Structures are given as C-alpha cells and as structure tokens.
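Please work from the sequences and hints to get the whole structure.
Sequence lines, in order, name chains D and E.
Following my numbering, the numbering of the first sequence begins with 1 at its first residue and continues without gaps.
Following my numbering, the numbering of the second sequence begins with 1 at its first residue and continues without gaps.
Please keep in mind that the hints were generated in silico from the structure rather than gathered at the bench.
From a predicted model like this one, the values you see are computed outputs, not experimental measurements.
Ideal Cβ positions, reconstructed from N, Cα and C, are used throughout, including at glycine.
Hints are not guaranteed to be accurate.
As the list claims (entries may be wrong) - Label-pair restraints from in silico Cβ distances:
1. D:L550 / E:D169: 30 to 38 Å
2. E:D169 / D:E596: 16 to 24 Å
3. E:S114 / D:P553: 58 to 66 Å
4. D:E596 / E:S114: 48 to 56 Å
5. E:G137 / D:Q614: 40 to 48 Å
6. D:D322 / E:D273: 32 to 40 Å
7. E:V99 / D:E226: 44 to 52 Å
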Amino acid sequence: MGREPILSVDDYLARHESKDLLRFITCGSVDDGKSTLLGRLLYDTKVLFDDQLAALEGDSLRHGTQNGELDFALLVDGLSAEREQGITIDVAYRFFTTERRKFIVADCPGHEQYTRNMATGASTADLAVVLIDARKGVLTQTRRHTYIAALLGIRHVLLAVNKMDLVGYDEATFRAIETEYAALAAGMGIAQVTAIPVSALRGENVSARATAMPWFDGPSLLEHLETVAITPPAQTPGFRLPVQWVCRPDQNFRGYAGPVVAGSIAPGDEVVVLPGGARSRVARIVTADGDRKQATAGDAVTLTLEDERDISRGDVIAAAGDPPQVADQFAAHLLWMDESALLPGRGYWLKIGTRTVGAQVTEIKHKVDVNTQEELAAKRLELNEVGYCNLSLDQPVAFEPYATCRELGAFILIDRQTNATVGAGTLDFALRRADNIHWQHLDIDRAARARLKGQAPACLWFTGLSGSGKSTVANLVEKRLFAMGRHTYLLDGDNVRHGLNRDLGFTSEDRVENIRRVAEVAKLMVDAGLIVLVSFISPFRSERRMARELFAPGEFHEVFVDTPLAVCEARDVKGLYAKARAGSIKNFTGIDSPYEVPEAAEVHLQGGEEAPEQLAERVIRELLGEH
Amino acid sequence: MTVLQTPHADALAARHSHLKRLEAESIHILREVAAEFRHPVMLYSIGKDSSVLLHLLQKAFYPAPPPIPLLHVDTTWKFREMIAFRDRRAAEVGARLIVHINQEGVRQGVGPFSHGATVHTDIMKTQALKQALDAHGFDAAIGGARRDEEKSRAKERVFSFRTAQHRWDPKRQRPELWNLYNGRIAKGESVRVFPLSNWTELDIWLYIYREAIEVPSLYLAAPRPVVERDGMLVMVDDERLPLKPGEQPEMRKVRFRTLGCYPLTGAIESEADDLPKVIQEMLVARTSERQGRAIDHDPSASMEKKKQEGYF
Numbered sequence: 001m002g003r004e005p006i007l008s009v010d011d012y013l014a015r016h017e018s019k020d021l022l023r024f025i026t027c028g029s030v031d032d033g034k035s036t037l038l039g040r041l042l043y044d045t046k047v048l049f050d051d052q053l054a055a056l057e058g059d060s061l062r063h064g065t066q067n068g069e070l071d072f073a074l075l076v077d078g079l080s081a082e083r084e085q086g087i088t089i090d091v092a093y094r095f096f097t098t099e100r101r102k103f104i105v106a107d108c109p110g111h112e113q114y115t116r117n118m119a120t121g122a123s124t125a126d127l128a129v130v131l132i133d134a135r136k137g138v139l140t141q142t143r144r145h146t147y148i149a150a151l152l153g154i155r156h157v158l159l160a161v162n163k164m165d166l167v168g169y170d171e172a173t174f175r176a177i178e179t180e181y182a183a184l185a186a187g188m189g190i191a192q193v194t195a196i197p198v199s200a201l202r203g204e205n206v207s208a209r210a211t212a213m214p215w216f217d218g219p220s221l222l223e224h225l226e227t228v229a230i231t232p233p234a235q236t237p238g239f240r241l242p243v244q245w246v247c248r249p250d251q252n253f254r255g256y257a258g259p260v261v262a263g264s265i266a267p268g269d270e271v272v273v274l275p276g277g278a279r280s281r282v283a284r285i286v287t288a289d290g291d292r293k294q295a296t297a298g299d300a301v302t303l304t305l306e307d308e309r310d311i312s313r314g315d316v317i318a319a320a321g322d323p324p325q326v327a328d329q330f331a332a333h334l335l336w337m338d339e340s341a342l343l344p345g346r347g348y349w350l351k352i353g354t355r356t357v358g359a360q361v362t363e364i365k366h367k368v369d370v371n372t373q374e375e376l377a378a379k380r381l382e383l384n385e386v387g388y389c390n391l392s393l394d395q396p397v398a399f400e401p402y403a404t405c406r407e408l409g410a411f412i413l414i415d416r417q418t419n420a421t422v423g424a425g426t427l428d429f430a431l432r433r434a435d436n437i438h439w440q441h442l443d444i445d446r447a448a449r450a451r452l453k454g455q456a457p458a459c460l461w462f463t464g465l466s467g468s469g470k471s472t473v474a475n476l477v478e479k480r481l482f483a484m485g486r487h488t489y490l491l492d493g494d495n496v497r498h499g500l501n502r503d504l505g506f507t508s509e510d511r512v513e514n515i516r517r518v519a520e521v522a523k524l525m526v527d528a529g530l531i532v533l534v535s536f537i538s539p540f541r542s543e544r545r546m547a548r549e550l551f552a553p554g555e556f557h558e559v560f561v562d563t564p565l566a567v568c569e570a571r572d573v574k575g576l577y578a579k580a581r582a583g584s585i586k587n588f589t590g591i592d593s594p595y596e597v598p599e600a601a602e603v604h605l606q607g608g609e610e611a612p613e614q615l616a617e618r619v620i621r622e623l624l625g626e627h
Numbered sequence: 001m002t003v004l005q006t007p008h009a010d011a012l013a014a015r016h017s018h019l020k021r022l023e024a025e026s027i028h029i030l031r032e033v034a035a036e037f038r039h040p041v042m043l044y045s046i047g048k049d050s051s052v053l054l055h056l057l058q059k060a061f062y063p064a065p066p067p068i069p070l071l072h073v074d075t076t077w078k079f080r081e082m083i084a085f086r087d088r089r090a091a092e093v094g095a096r097l098i099v100h101i102n103q104e105g106v107r108q109g110v111g112p113f114s115h116g117a118t119v120h121t122d123i124m125k126t127q128a129l130k131q132a133l134d135a136h137g138f139d140a141a142i143g144g145a146r147r148d149e150e151k152s153r154a155k156e157r158v159f160s161f162r163t164a165q166h167r168w169d170p171k172r173q174r175p176e177l178w179n180l181y182n183g184r185i186a187k188g189e190s191v192r193v194f195p196l197s198n199w200t201e202l203d204i205w206l207y208i209y210r211e212a213i214e215v216p217s218l219y220l221a222a223p224r225p226v227v228e229r230d231g232m233l234v235m236v237d238d239e240r241l242p243l244k245p246g247e248q249p250e251m252r253k254v255r256f257r258t259l260g261c262y263p264l265t266g267a268i269e270s271e272a273d274d275l276p277k278v279i280q281e282m283l284v285a286r287t288s289e290r291q292g293r294a295i296d297h298d299p300s301a302s303m304e305k306k307k308q309e310g311y312f
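Set out below in structure tokens:
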C-alpha cells in the first residue's frame, strides 16, 4: 500500500472500496519454505514498516537460519515457542493489498499434530497455496494438506514448487511434480490447479516473474493471486437468514437480527420460519443507516414481519417459495480435533448457523486416512482423523448441503464437559429415517400405568467402581421397596452383559453403547410405571448425563457409591483387580481406564464407612423425598 | 472536530464494498456475543479502534440501545482530553459506562515515572482489568485489537478463551472454523472477543472517514507542548511530567497515531490537521503505529507474554 500514488482521499477510498478480497491459506511441510515465501510476499508488497524491518534484522541475527541475512520466516512465526522450535504451531493472519486486490492470508501449520489449526485457517479461504520442495516432490504432507483443503470446500490450488534454485531451475523436475500433483488433486475434487516454479529465498516468481526460468511463461505467484477468478458454487439457495438476536427495544418493535447468508429479500416478500414452519411477509428491512429496499447475501440486517410470530435465536427465516430442508439425521464428514476420541453414542453440543442442539454420532461409516485417503473401518475417531458419519440431533434444524451454502452446512461439535471445540464437520445430505419412523400414538400412557401401580416411577442409577458395593446396596434397596409393595426391577451390569449387551466389550466406545442401551431399557421400564434400579460402573460423566436427560426432571436419581479404590481392590470379590494389575484384563476402571467422579449426584454414599443397610436407608429416604 | 462530508456514501452503499463486508462481519460477532453470554462488556479505551467499535455496537443492535455496557480501565495517566471525550460519547450513545481504577495502585502511588512503564502497565492496566472483570463477573470482554497490529495478535482467535485466572494459552487455542464461534465456558472462565480482527489500520481510518465517526482531536496535528526524550516526543499534558535538567517544553505541531498513557505515547511531527491528511500521511508511512508505544519496546515476545498474563 505504501507504494501507491497519492490521490485525494475520496479517490483512494473509491479505489480501496472497489477492490475485491481474496482469502487464501499457505500450507506445506516443515521445511518447504512456507513462512519464507509469505515473508517475501509481504516484503515485496511493501506492507512492512521500517520499525518492523528493524526488528526483523535484530531477530534474524538472534534466531535466524540464514546466517544473519534477513530471515523472512521470522516475520510470520509470531509465538515465542514457534521461534524457538523453528516451526509454525498456529495459524497467523496477514493482510496486504496490491493495485488490484486485497488479501487475507492464513499461514497454516504443516505438522500433523496441528491439523486443527490448519482447518481453522482453511475454513474461511477461497484458495490454497500448497508448497512443495522441488527436491522432495509430492509428500505425505502434501496429500494431507490437499485433502483437508478439499474437505473444507477449497476448489482452487496454487501449487508453488519451491526451492527451484536448489535443483538448478530444472524444468523436467517441475513438470514431473506438476503432473503428479494434478492427478492427486483431481481425485480429491479440486477444480483448478495452477503450478508455478518458485524460489522464495531468491524472490524468483514470487512477485516479479523469474529471470532464472525462461522456460516458464506463466504468471508469478502474486500475479496469479491478483487475477484468479473464484467462482461461486453452481447452485445457490434462495434467501436465508439465521436469526442471531431478537431486537425488542419496546412494545412496538420486534425485529430479527442476523446475517443474510444466501439470496436476497425485499419488503413484501413471503418468508417461512424454520424449523417451525410459520409464514409471514417481510415488513421492513431495518439498519442503523435507514430502512433498505433490499438485502442480499453478505448484509447484516434486522427484519420485521407483518405478523406476530414466535421466532427466536436459531430459527432460519427463508424464502417461502424456496425453503431449505429440515432434518435431524444427517450424513456428514467430521474432522476430530480433540485429544479424547469421538465415541459414537456420546452426546455433544452441535452448533450450526446460530442454533445449538444436542447431537451424537450414531455410526462411523468409515474413517479416511488423511495421509493416504484410504477408507478404513472405525469405531472411534482419534485426534486429527476424518470420518464419514451418521449424525443424530435431538431436534430438527434447517440446513443446506455444505457444497451449496457453507453458512448452513458447516457445524462444530462442542464437548459438554470441557466446552472445548472438539469437532468440525460438513453436512452432505439428510437421512430420511426421521420422516419414515413416526411415534406410535398409544391410548394408555405412562401416567395411567403409574396410577394403576399406585407409585411414582423413577430410576435409581447406582454408579461407582467395581467392588464398591453398588449391587449390594441396590439389592437391599429393592428388597425394602418390594416389602413396601412397590413394583421394581433391578438392572445389573454383569447380568445385562450376559444377554442384551453380550456383543459389547470394554473399550471406551463399547462402554458408551453399553450405557446407552441400558438407559433406554430403564426408560422403557419407567414408562411402564416401574421403579428401576440400575447398577452399572458407568464411569463416564457424559453417558450418565445422557441417561439423565432421557428422564423427566425429578425422575432420575444418581447414587454415587463412593468407595475408595484401595477398599474395592482389597475386597476384590470377583478377583478382577488382581487380573487387571497382572495385565490380563485391559481397560479396567480405576486401573487403566478412568472413573469420572459425579459432580452433583443426588445421593453420595461413603461406601467404605457405613454399613450397606444404612446406605440403603439413605437411598430410600431420597426416593421418598424424606431427606 | 469537523464532521466530514462523504460524497461516495450513496454509491458505495449499493454494493458490497470491502468496508461493508468488514462491518457486517463485526456486527455478526457482536450479536453473537450479546446472544451467547450472560454478562458481556466492551472495553472502551477511547482511541480510534474503540470509536469504531462503539459505532458498530450502535449499528448491531439498532434500534435498541446497546445491550452491552462499556468499561474503561483508567490508569489515571490518560490524556485529559480523552477522559472528557469518553464521558461525552458514552452519554450520547446511551450506553452504560463503568470506569475502573486500581485503587490499590493509586494508594501505592504507582505511576510510569516512579515505577517504570512495565510495572505501571501491569498494575494499572493488566491487574486493574482483571479486578474489574472479576468484580463485575463479566464472562465476555470485547476489545478493539486487530491482527495486523503485532505478531502474537496475528495468531489470536476472534473468540479468545481465558482461564479463570485470565490466562491465554497460545498453544491450546480453541479451533475456530468458519464463523461458528464457541461461547461455552465454565463458571469463572471468560472469553476475550475481537470483532476488528480482520481490519487493518487503514481500514479503520477509511471507515472513520466514510462513517464520519468522531475521534479525539489528539489524532489531528496541532501545536502542542512536547519534550523529546529517548527519541520519543512526549506531550506535557499536566504538571505530573517531571522535567529533567535542561528540558524545556516546546510547542511543536504534532499528532498521535495511538492513544495510551500520555507519558508512554510518543507523538509524531505532522502537518495532518484533518482526517483526509491523516489518511494521506498513513499511505506513505514507513513505521507501524505501535512504534510510538513505549510498552512494546521490551524484548521481542513481550506482547505475547503480557497477553498470557491477562493484558488485552
């Protein structure tokens, strides 16, 4: 920007405003010279100020790898840990402008362990600059970066074959890499690949065309970035506005604020509000700069409707004649970004558009090896793995396939314990199951069955380590209830594993499924009017929470049998601890598999301290509300 | 200051200009904050970025008044003009303004001259900010930082998670894809939010010009009393500036590119006494705006370190 001729501010503003914006990422392997390339680009486009250059000179002497010459990589590796290790850990955003375009570059890490940070950068990019070291050619990392870019919908790749100076600017080397990469990219659905031979260190073909490679008559890297046309998706949906915030300053105004993510709208247009389905017409398009006659994709506006409708955050206002689908079951690609694995059946929060709902992966159809793109069978997804999954939401949402509309086709998964962002995915299409299986209406309902039995149905969920005394206490509780004339049933972990759950083992994913089935069975029994006692180790908070959420408030009572591990191990009624210590049983809770202590159990029993009869008494008092 | 005419406003509103895109993105972020947090607050530091934020805050929730209060952490060493400007603007916008001063620091007499820039900034700014956030139980704090300002800022998320101790862990940032911001936190934890992440310094000025946003006149060149100290022009804003032997304040035509504590903010000599001239001057500028900030001239990673400790 510093080089542009000085115009009047109005002229400059007009030119500044008329430039379009290209967002791109740079990615490549550890030593491909990615940061050097980007630093060179910033240097050549004169966005560096004198004091930044002075700091760079100092840093080059201290940390540089170029024998005291300017080390451009240090411009972009901003974190001290990155400078120390000489690698990029997190995505850095840089800004520069030329005569023709404005650019936001997301400089992405190349290490596999930081794939989630690369995905962060790629999710908002139109184009990827993939770097290859001319001496090394296409590597595993090249395949991974290209796959992640394609997964997130990037359809344009600029292949920068770097370090051409180290192969004597040899054309045959370049052409071989170009050909190999083109085949790879086509297989992943990348629509357009442009290969350019570069020496970032020497500045050949970065901004100025190379003099050392007369055989190459294509554009320099910067020229290509300035001129490449980014084509929008072939089909774009009609008007869509996810409601962010309901604006109610007083009784007379009720507006729905949100971004227009697709299509356009004008006052008088008919709209439908999804997933509810209410219809109305747009009354006004309100902005702080005055009412608008029209709003189009990219605007942030507030709509008012002609009719009073019950609309809240998370609803989507859409063109009535061209509405999006509504569904609660999907096929989706999912990138897992957390150290603890994705387990099918476990509940997560899912955020799509402005709506957050409960969700679980019901099935991993296959996972994709991000390095080889091989499809593999999987029961869980580990950090940085991609899976093709079936998703089930606890309520329906309006959506678009990701390929047509990123804003209503992209989602993130959030862990319900840690609140971390653990997954990111793209919706492909809705599964039709939800439409075809309807709830059967039954005339005799749970209230009628409970009345006949003269009791309030409930679920007593006993959790604790193996040998903590869960089953002993549960058994005593059931005997007491039985004696009081109550209708009960006890579901015991060991017993259920002989029948219903015979097919399940003790891996984390099988434990999740084990609990899911038992919780569903317990729910059916509570529906039938029974007081159900469940005695399962149930070591994970997520699954206990999932069980709890199946029941009405006040129906579920978590009983934590808190017996110290040492006491349980000393008892070792079934000899299991000895086997686990000897290593002949794997994934044993308390030994090599964690037990997550309940945070807010209704009943907390000190298993090592009181007699089982006293413990049972306390459970009864809780159930009967006498505590 | 004079309000500028913006002849291109009508023509520009018709299409999606670069500034319109940035504005829409920032408004989206502000609305997400209002919807997803229980006690959000906007840090208002009176400078140009804060002025833009305040303008966007009004736009995002129009016609309702801003549902998010303003917080100013007053180090007691701000330019006098800034304080007057702050009180007037908050009243005009109709936003609730909370001013916090670290009274413990005041009692101990902490200041930039007695304790040095680093200690002063830590106690009167970083610690004061944490006190204010804790005292009011704010779970989201919106700031005007931009990614083009500084290297560690370039790596910051839009929703930047902080532990209950207000610490930033740059190696464990939440992934942040698309514009799906994760506002879920446990009690005591908080999020710093940066709606201007994708704006550059030039975008800020052009937007101020186009939208005719009022900024303190300290940004415009005027004759002001200054002393030259370690290569920095320091304005003599009040009698607390201790003059060294031989130092004599002289009137020079200067302006400021950023506004902070007056003894720590260097002025630049300039003829730019209106906004168009400021923008023209910036187009040929050869130094970054943070160059005038004494606090940034610690060892290279100092911003990252300060941010880890809770600085904005």
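Consistency of the hints with the structure:
no.	hint	verdict
1	D:L550 / E:D169: 30 to 38 Å	36 Å, holds
2	E:D169 / D:E596: 16 to 24 Å	23 Å, holds
3	E:S114 / D:P553: 58 to 66 Å	59 Å, holds
4	D:E596 / E:S114: 48 to 56 Å	51 Å, holds
5	E:G137 / D:Q614: 40 to 48 Å	41 Å, holds
6	D:D322 / E:D273: 32 to 40 Å	54 Å, violated
7	E:V99 / D:E226: 44 to 52 Å	48 Å, holds
Figure legend: structure checked against the earlier numbered hints; the only hint not met is number 6.
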